[in-house]
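*Asks:* These protein sequence lines map, in sequence, to chains A and B.
Under the working numbering, the first residue of the first sequence is numbered 264, with each subsequent residue one higher.
Under the working numbering, the first residue of the second sequence is numbered 264, with each subsequent residue one higher.
Wrong hints could be hidden among the right ones.
Since the list gives no way to pick one copy over another, a pair counts as held whenever it fits inside one copy or between any two copies.
As the list claims (entries may be wrong) - Here are the simulated DSS-like pairs of lysine-lysine, each with C-alpha atoms no more than 27 Å apart in a straight line: (1) K581 - K467; (2) K585 - K619; (3) K656 - K581; (4) K585 - K467; (5) K360 - K276; (6) K619 - K581; (7) K585 - K308; (8) K550 - K308.
No wet-lab data here; the hints were simulated from the structure.
Number of protein chains: 2
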Amino acid sequence: MEYRFAARIANLKPSAIREILKAPSDAETISFAAGNPAAETFPVKEMAQIAADIFATEATTALQYGVSDGYAPLRAAIAERQYNVWGIGKSVARGDKFNDECVIVSGGNQGIELAAKILCEEGESIICENPTFIGALNAFRSTVNANTVGVPLLDDGPDIEALEKALQDHPDAKLMYLIPTFQNPAGLTTSLEKRRAIYALALKYNVMILEDNPYGELRFAGEEIPTIKSMDTEGIVIYCSSLSKIMSAGIRIGFIIAPEAVTAKMVVAKQSEDVHTNLFFQMLCHKYMTQYDFQGHVEDIRNIYRHKCSLMLQELDKNLPKWLKFTRPEGGLFLWCTLPDSIDATAFVRACMAVKLRIVPGATFNCDPSAPSQCFRLNYSTPSDEQIIEGCKRLGDVARTFQP
Amino acid sequence: MEYRFAARIANLKPSAIREILKAPSDAETISFAAGNPAAETFPVKEMAQIAADIFATEATTALQYGVSDGYAPLRAAIAERQYNVWGIGKSVARGDKFNDECVIVSGGNQGIELAAKILCEEGESIICENPTFIGALNAFRSTVNANTVGVPLLDDGPDIEALEKALQDHPDAKLMYLIPTFQNPAGLTTSLEKRRAIYALALKYNVMILEDNPYGELRFAGEEIPTIKSMDTEGIVIYCSSLSKIMSAGIRIGFIIAPEAVTAKMVVAKQSEDVHTNLFFQMLCHKYMTQYDFQGHVEDIRNIYRHKCSLMLQELDKNLPKWLKFTRPEGGLFLWCTLPDSIDATAFVRACMAVKLRIVPGATFNCDPSAPSQCFRLNYSTPSDEQIIEGCKRLGDVARTFQP
Chain A
264 MEYRFAARIA NLKPSAIREI LKAPSDAETI SFAAGNPAAE TFPVKEMAQI AADIFATEAT
324 TALQYGVSDG YAPLRAAIAE RQYNVWGIGK SVARGDKFND ECVIVSGGNQ GIELAAKILC
384 EEGESIICEN PTFIGALNAF RSTVNANTVG VPLLDDGPDI EALEKALQDH PDAKLMYLIP
444 TFQNPAGLTT SLEKRRAIYA LALKYNVMIL EDNPYGELRF AGEEIPTIKS MDTEGIVIYC
504 SSLSKIMSAG IRIGFIIAPE AVTAKMVVAK QSEDVHTNLF FQMLCHKYMT QYDFQGHVED
564 IRNIYRHKCS LMLQELDKNL PKWLKFTRPE GGLFLWCTLP DSIDATAFVR ACMAVKLRIV
624 PGATFNCDPS APSQCFRLNY STPSDEQIIE GCKRLGDVAR TFQP
Chain B
264 MEYRFAARIA NLKPSAIREI LKAPSDAETI SFAAGNPAAE TFPVKEMAQI AADIFATEAT
324 TALQYGVSDG YAPLRAAIAE RQYNVWGIGK SVARGDKFND ECVIVSGGNQ GIELAAKILC
384 EEGESIICEN PTFIGALNAF RSTVNANTVG VPLLDDGPDI EALEKALQDH PDAKLMYLIP
444 TFQNPAGLTT SLEKRRAIYA LALKYNVMIL EDNPYGELRF AGEEIPTIKS MDTEGIVIYC
504 SSLSKIMSAG IRIGFIIAPE AVTAKMVVAK QSEDVHTNLF FQMLCHKYMT QYDFQGHVED
564 IRNIYRHKCS LMLQELDKNL PKWLKFTRPE GGLFLWCTLP DSIDATAFVR ACMAVKLRIV
624 PGATFNCDPS APSQCFRLNY STPSDEQIIE GCKRLGDVAR TFQP
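So here's chain A without its partners, still in its complex pose:
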């Protein structure tokens, strides 16, 4: 049987990272390739208590169909935290021009996918940082066969001149996708000045911003920088985040905060995908956020990642030759390494595989999947301290076999 697949999907590959993670491994393998939250950040004991409580008192609600926009008490709890802590969410009642709504999605990735689905016609351009989150690139491709246009990411955020040129060159673009805080894969954070410039450009070119902020709660160094959404006076920013890094990744709960005209369309599209998000865990997360010390829990997670990131930076400083550059993140899960142009990056990644060290080649995150990259991504949230130390040693050993 010759199957005839749609163009949007025919050439799409599974995420290279997820394929790397599926490759056979043994006890000696060390993976810096994952993007998993550390298992010790899941509040297991409290979740078990709440689950028992829901089964005992609210089981028939929790196991029955729910509404597509999400469990109302969870929506309210998230909206309240986002407004009080981060200044996110406008309301006419508070004197703003429009209302933002908070709706629940099945992980942040669904929020990204729905934004493209409701806004973009097939084949239209979507402006992205380059490199960027592979899950977003694949969502844009598999949903609307998007032309993903990359804007180079510099140390303090996207190249603003290149961004304006991309907007001029691609007048079909309706959407700009950005991860301004602890970017995946680069671990970089866009400066306040650049966030303002990006917002101004979006207004000027009548393009909406999809601000993805899955790591925003994970700052362990430096000063907070306001989100672009908190500057949104005109209702052009769709803000997307999730509970994956602060509750559990496997439960698949994310959220969107956007003008209600936009969330209404996203909810209609979501209804046609999965009807609603797992209701039991929506109820569980609501209880955890409102009846337990959620802020204390988030601070515990920050401490864990502060330690893990410091350890990795220390071990990289100790083991790597000077010519191997890497970013120094202030939060999030990743750092980003850059090889000199004279080194064959593919051979480097292969050499790491040979010593049972997994890293993700930078080309994985390119808007143009055929473009080369001199970079690779390292993750410090998943490996243990011992694995971080041993993995950095292996990385140093590999690096010393190359001559720049």
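Once you've looked at the hints, dock chain B against the given chain A.
*Replies:* What follows is chain B alone, placed relative to chain A:
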């Protein structure tokens, strides 16, 4: 702000049923409008035990990211039951031409949506029974802006002549969507002869069949009829079902059984939507299916619905005038009523609302949403026995105010 939405979503409305369910109600309101499984069918006690066990022994696996194709032991347990009980799932190892794979999706609706996403270009035709499941129609529209072509549903399945004409008139169609068993909304079942004819037509016109079977386990009368998938010698049937009606609807777990070339594309597309389905409940369902009396549980559910359906049929026989026709289902959750042409169906539905009885107008399920309908759908799984009796009385009272 004037938002520019994509054509596929701009005119799409939320499901009329879900809007009806959201309308204000009071203790006197009786709803025959839902499609919810009866709450007493959820195995709450056993699920609570298993959940406690998972939190105690496998929490970090259950709360971490999982693989996109689903939890392997659950996939295996479902595939085994589908093959042993229903003859579904081909395998080269068993002498078939191709391998079928079982993959997990976030409810049956996601399976339907993914099938359209991977196969259909924007605006292409999808052949459907008319009436059909509104969730599928909305998925086809919101994902690929499909031209949904309706084929009249007769008492023993789709009108085969009309089906062949639709295939001839719409050569762009790559997909035919059918609910052969206890159809939603009509409660009708396609005969074996027609299933064979449909399969032959799909082969002749090189169209794939999406066989949706969410209610297949819920037969409480009559003889089993083989699924179309069980006849699939060429790998052209995508079989879609779910655990919503036999475990819990709120957990959002469904599955697909289809040739591996097809499931591979569906998994890539699913990965871009929600990465994977809630892992905790995948593990929980696997343990329930393999360590408890799952078959006995399914038989208990059949007994519950046999009773509820019989009660509704008895009360309709007692209360309705002869001119109000209705189907007599052998399984599933719904029956379908037809008004004489001389009666204003919209006025009839409104009169039901006025006596606090909710029913779903038939036009909701039309492939052409602007086409009228003389029908309405009744559900017997959600209301209590008392509500079934009182609701049928109200329906009879309303009917007697109309003169055919």
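*Asks:* Decide, hint by hint, whether the structure agrees.
*Replies:* Here is what the structure says about each hint:
1. K581 - K467: neither (47 Å within a copy, 68 Å between copies)
2. K585 - K619: Within one copy only: 23 Å inside a chain, 76 Å across chains, cut-off 27 Å.
3. K656 - K581: within (9 Å within a copy, 82 Å between copies)
4. K585 - K467: neither (43 Å within a copy, 66 Å between copies)
5. K360 - K276: between (42 Å within a copy, 25 Å between copies)
6. K619 - K581: For K619 and K581, only the intra-copy Cα distance (20 Å) is at most 27 Å; the inter-copy one is 74 Å.
7. K585 - K308: neither (44 Å within a copy, 60 Å between copies)
8. K550 - K308: Both: 13 Å inside a copy, 21 Å across copies.
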